[in-house]
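Enquirer: Line order of the protein sequences matches chains L and Y. Going by the numbering used here, the first sequence opens with residue 2, and the numbers climb by one from there. Going by the numbering used here, the second sequence opens with residue 1065, and the numbers climb by one from there.
Each hint should be verified, as a subset may be incorrect.
[What the hints assert, rightly or not] Keeping only pairs whose Cα atoms sit at most 20 Å apart, straight-line, the calculated SDA-like set for lysine to any residue is:
no., chain 1, residue 1, chain 2, residue 2
1, Y, K1250, L, R32
2, Y, K1113, Y, H1415
3, Y, K1349, L, G101
4, Y, K1442, Y, S1401
5, L, K164, Y, R1195
6, Y, K1250, L, A64
7, Y, K1113, Y, A1300
8, Y, K1349, L, D138
9, Y, K1269, L, R32
10, Y, K1349, L, N152
11, Y, K1250, L, A66
12, Y, K1250, L, L63
13, Y, K1250, L, P50
14, L, K164, L, L149
15, Y, K1483, Y, H1407
16, Y, K1113, Y, F1133
17, Y, K1250, L, L61
18, Y, K1442, Y, V1383
19, Y, K1250, L, A59
20, Y, K1250, L, E67
21, Y, K1478, Y, D1490
22, Y, K1250, L, A58
Because the hints were derived from the structure by calculation, they are not lab data.
Here are the chains, one letter per residue:
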Amino acid sequence: MIAPPVPQRKVLTDDMVARIEALAPRYPDRRALTLPALHIVNAELRHVPLEAVVEIAAVLGLAPAEVQDTLTFYQFFHQDKPHGKVRVFVCRSISCALRGGDELLTGVCGKFGIEPYGTTVDGELTIEPAECLGACDFAPCMLANDDLLRNMTPETAAAELVKPRARAT
Amino acid sequence: MQPFQPVLLEAVGIPDGHGLASYRSRGGYAPLEHVLRDKKPADVIETVKASGLRGRGGAGFPTGLKWTFLPKDHPGPIYLCVNADESEPGTFNNRILMEDDPHQVLEGIVLSAFATRASTAYIYLRYEYPRSWHRLQGAIDEAYAAGLLGRRILGSDFSLDVHLHRGAAAYICGEETGLIESLEGKRAWPRIKPPFPAIEGLFRKPTVVNNIETMACVAQIFRRGVEWFRSIGVPADPANPRDPGSYGPKLYCLSGHVERPGCYEAPLGITARQLIDHHGGGVWKGRKAKAVIPGGISMGLMTEAELDTPLDFAGPGKVGCLGLGTAAVVVIDDATSIVDVLHNSARFFAHESCGQCTPCREGTSWSLRILERIRAGKGRLADLDLLLEMGNTMGMMPGSTICGLADGAAWPMKNAIKKFRGEFEDYIRRTNPSGWMVTDPVPALQIVGAH
Chain L
2 MIAPPVPQRK VLTDDMVARI EALAPRYPDR RALTLPALHI VNAELRHVPL EAVVEIAAVL
62 GLAPAEVQDT LTFYQFFHQD KPHGKVRVFV CRSISCALRG GDELLTGVCG KFGIEPYGTT
122 VDGELTIEPA ECLGACDFAP CMLANDDLLR NMTPETAAAE LVKPRARAT
Chain Y
1065 MQPFQPVLLE AVGIPDGHGL ASYRSRGGYA PLEHVLRDKK PADVIETVKA SGLRGRGGAG
1125 FPTGLKWTFL PKDHPGPIYL CVNADESEPG TFNNRILMED DPHQVLEGIV LSAFATRAST
1185 AYIYLRYEYP RSWHRLQGAI DEAYAAGLLG RRILGSDFSL DVHLHRGAAA YICGEETGLI
1245 ESLEGKRAWP RIKPPFPAIE GLFRKPTVVN NIETMACVAQ IFRRGVEWFR SIGVPADPAN
1305 PRDPGSYGPK LYCLSGHVER PGCYEAPLGI TARQLIDHHG GGVWKGRKAK AVIPGGISMG
1365 LMTEAELDTP LDFAGPGKVG CLGLGTAAVV VIDDATSIVD VLHNSARFFA HESCGQCTPC
1425 REGTSWSLRI LERIRAGKGR LADLDLLLEM GNTMGMMPGS TICGLADGAA WPMKNAIKKF
1485 RGEFEDYIRR TNPSGWMVTD PVPALQIVGA H
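If we strip away everything but chain Y, and leave its shape as in the complex, we get (with noise of 0.2 Å):
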């Protein structure tokens, strides 16, 4: 494999990298000065939109495109909220970000509020980063001691406040709207869109939601150039037009059955067999792969034949996965039950199901119980085709529920079934010997109390 300088993660080792000495040091902050003094916000969207950089938190969506949907000419406020909610199992990217390179992060932040004209800015940061926490707060009351944040930012005519806003465990506040509604203070139930947040966002006003390491790729682009940002990754196919491509560095979080789990640079459109055989120092204890999660636990999964897949935007989905999510690549070896992982799925889902939609909030239970019954030893063949029913029809895309959570209940869900039905079926023929062929209705384990 070609050598690869991280870009993202160089101060990660360095002592003292997270301070802003050292971020000025690596030549950090100085393409802030020059934009500030010699550009203009529409210039500064053009920039992010030559890069082609698409959004790094799991949906993939141009950045720059996304700054355009708000309104021209706003008396404001507008606002931009930086998602650091990072819940989606697997990942874990922004944490290291944030604690060793916290003002990589914040000149994205002042970057992308000044193309976007926000005159605030809210970091929803999950309860579970307190260190993330301590080092953003000295790193923001760094940046403010500067002239980096607050009235006139140094000298210009820009100002910008940063605030930080806590979250208290609830893996739905990561989806934007979600997110909003927490930040307002409610329950974090998603929105209908259309409006989307940029034109009715946090407090009704125009938003913009943009993820951590999207923030520091922003960073990234002024110091190092689009041309920089367009040589690395995967080009867009010119057979399809619809494909904006996958440019730039990505921070891959490989875990699970690994020798050496870790957060790893590398171009977009690394293949999942590189990733761990070449940074994870391959499966651990000499085994083989049974699956991969190709991008937090909502992306599904990957057989040992699909890991020569690249690692972009497009890749994922042509092997049946939802997509590349947060990249984060969870590996499970030949000794471990698929059973068992699909069961650790479904109760990450009915617990994080936030009750809005009906379909998401009893399917995911439900699918739940019917794994838990499965594992009890009361399987039935029927169950995989209620299981996959289930799948099939919970989530935005079939159409039923409000946000994406169900269709990542159901990636997982549907892909391990069709992917490993064989190991489902043997697993229900062997431990319920009497009963695998019944197809009448089944009581519940227990008596399930009402919400």
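If we strip away everything but chain L, and leave its shape as in the complex, we get (with noise of 0.2 Å):
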């Protein structure tokens, strides 16, 4: 049997797959890494673009179809361009809602000049509906990467989003 040739990897970096590799010994079976390694990708690139999937596939000794039946089933991954350098989440689930979460998300896209799901002209920030973020005592809230920004108004919160936030993990 001819052994299938190796891909050259154009973009996982070696930094990637070493962290990737850093994660095996938790799992038994490498395809519990796919979902580890869809986010180790996307901090970095803010997408898992194709060629990435190809890779990851490689990396773990998988069919790249079953790697993109993964990455597309969750909807979180954007695959075509990468999201801004802040990704936002407006709740939009009941807690929120009843407490202006529709409202908020209309306004703070407005703010921008964006659409929901949409992404400044300057790449530095996308604005998503979410469902229920887990902080409705904080309603209507949202998250951009990693901080929670509590009882926003489209005022407050384009004041907060214009601030400098590190990345996302």
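Two independent chains are provided; combine them into the complex using the hints.
Expert: Right, dumping it as structure tokens:
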């Protein structure tokens, strides 16, 4: 049997692969590394292009379709182009909606001149609606990278979102 | 009301309360030391069974009994999955436990793993909790350094590794077999049961899935005793031999239209009205409640007249709700349209249906489209019966789906239309004066692409 060619990696860096491999002892099956690998790539590239899917599959010993199947299920990993440096999730579920969550999403998108799911032209900011963020005690709320922004209005949110933020982990 | 001293939330507000030193100063990890020195796994299971602890994640299944379903004398490995995918709208108590007292959770995990002979525990944490991630990882690192995790814990023969595994924003991963599939790296499609996870779970090995709050309760049962735990809550109904009772403290998440939203610890069986008035400072703006969600949106709706219902495991079911669920109490004031509330619920479930079972995938998305049409002023009275028909036929209970997500989508629909039918009918008549009586099929608002 002829071994399949080892593809030359173009998207995944040695560091990314090393970080994926460092998690391998945690699981008896390498397929369980799929989500951790997608997160590692996404945290760096702010999206997971199809080339990365093929390379992750090669690292994990899976078919690219298996990785792609998992990726698309979650609707979490952008594939065509990177999300903004700050990725914002605005809660639209019931506790936030009762206290102005839908108006917050529309209002804050309007302040930055984008539609929900859109990215500002400078690539700084992506704003997406999200289901319950589990911070209903601070409704309406949003998540900006790792920061929970509590009891927001479109005005306070717009002021918060122009501040620099740590990258999502 | 009797004053109640919080136990599960005792670290909240204490400076550095999340650290190991603080947890130990409150008596933490001493019970674990005692158990590992003097007890056998079977003793731990017996203690948890005797406490009457029921799972806090939503289903309320007795925790100790769940553990006994594992095969006897299995060569291993056995896995413990800790469900921290808290995603039920209105629910946030796991977040507070993980952020403010992660060692309480970890001690419960070690005790539970010892009882079930698990050598690896995975904490499946939802993506949206970055602060929980950092706090838990910090606590895990502290625990390893202190010999509370890893090889031969506290000098005993028991070893345990705990790993954090991060989700990617999907509600279905809170369903225990969806969680297992997701952890294995696949799409989170729930499995047909049996086999139950206790027999064939993660990586096809025996697996226990328990909620974060359940783990915190286990830690407190070993610190304060079975008698203490059983002195709180609602005893089993002697007239019902199948009622295991509702023992212990419970974290109620209060949100929506109340003056003081928050996570409040109270004995199981507090009524919704007591919770809203005593803890929540009443309905906001001096208004009255129109409806209250008793335990996360999938449990349905109680009316104002039903607010004296005790929020124990048996209470909400007595007024037609699905159950206690996650005990997330969401208050909806009398200035809110119930049509908007149901639309919000339908949007959630249409977005979160995993797509595996047709009645759920189609039922949740079509109920959303019907509600969008009603809100666009094109509703018909016939739509209400159509929604009820879908609500009565999608789910595990009617037997058409693999998991309970569709039951959770159906319940608010059935409750809202049955309990507030007059408001729906008035809304439809008012917004569609020329067409409310039509019973012909109607075209959808927009052409919907195939999946």
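Enquirer: None of the hints should be skipped; say for each whether it holds.
Expert: Against the structure, the hints:
1. Y:K1250 <-> L:R32: holds, 8 Å
2. Y:K1113 <-> Y:H1415: Not OK: K1113 (chain Y) and H1415 (chain Y) at ~38 Å, beyond 20 Å, violated.
3. Y:K1349 <-> L:G101: holds, 15 Å
4. Y:K1442 <-> Y:S1401: holds, 17 Å
5. L:K164 <-> Y:R1195: holds, 19 Å
6. Y:K1250 <-> L:A64: Holds, because 12 Å separates the two Cα atoms, which is no more than 20 Å.
7. Y:K1113 <-> Y:A1300: holds, 14 Å
8. Y:K1349 <-> L:D138: It holds: about 17 Å lies between the C-alpha atoms, which stays within 20 Å.
9. Y:K1269 <-> L:R32: Status holds; Cα separation ~16 Å.
10. Y:K1349 <-> L:N152: holds, 17 Å
11. Y:K1250 <-> L:A66: holds, 11 Å
12. Y:K1250 <-> L:L63: Since the Cα atoms of K1250 (chain Y) and L63 (chain L) sit roughly 11 Å apart, the hinted pair holds (cutoff 20 Å).
13. Y:K1250 <-> L:P50: holds, 18 Å
14. L:K164 <-> L:L149: holds, 14 Å
15. Y:K1483 <-> Y:H1407: holds, 16 Å
16. Y:K1113 <-> Y:F1133: With a Cα-Cα distance of about 13 Å, the restraint between K1113 (chain Y) and F1133 (chain Y) holds, given a limit of 20 Å.
17. Y:K1250 <-> L:L61: Answer holds: K1250 (chain Y) to L61 (chain L) is near 13 Å, not above 20 Å.
18. Y:K1442 <-> Y:V1383: Roughly 32 Å separates the two Cα atoms, so the pair is violated.
19. Y:K1250 <-> L:A59: Holds: K1250 (chain Y) and A59 (chain L) sit about 16 Å apart, inside 20 Å.
20. Y:K1250 <-> L:E67: holds, 8 Å
21. Y:K1478 <-> Y:D1490: The hint holds at about 18 Å.
22. Y:K1250 <-> L:A58: Holds, because 13 Å separates the two Cα atoms, which is no more than 20 Å.
Hints 2, 18 from the list above are not met by this structure, while the remaining hints are.
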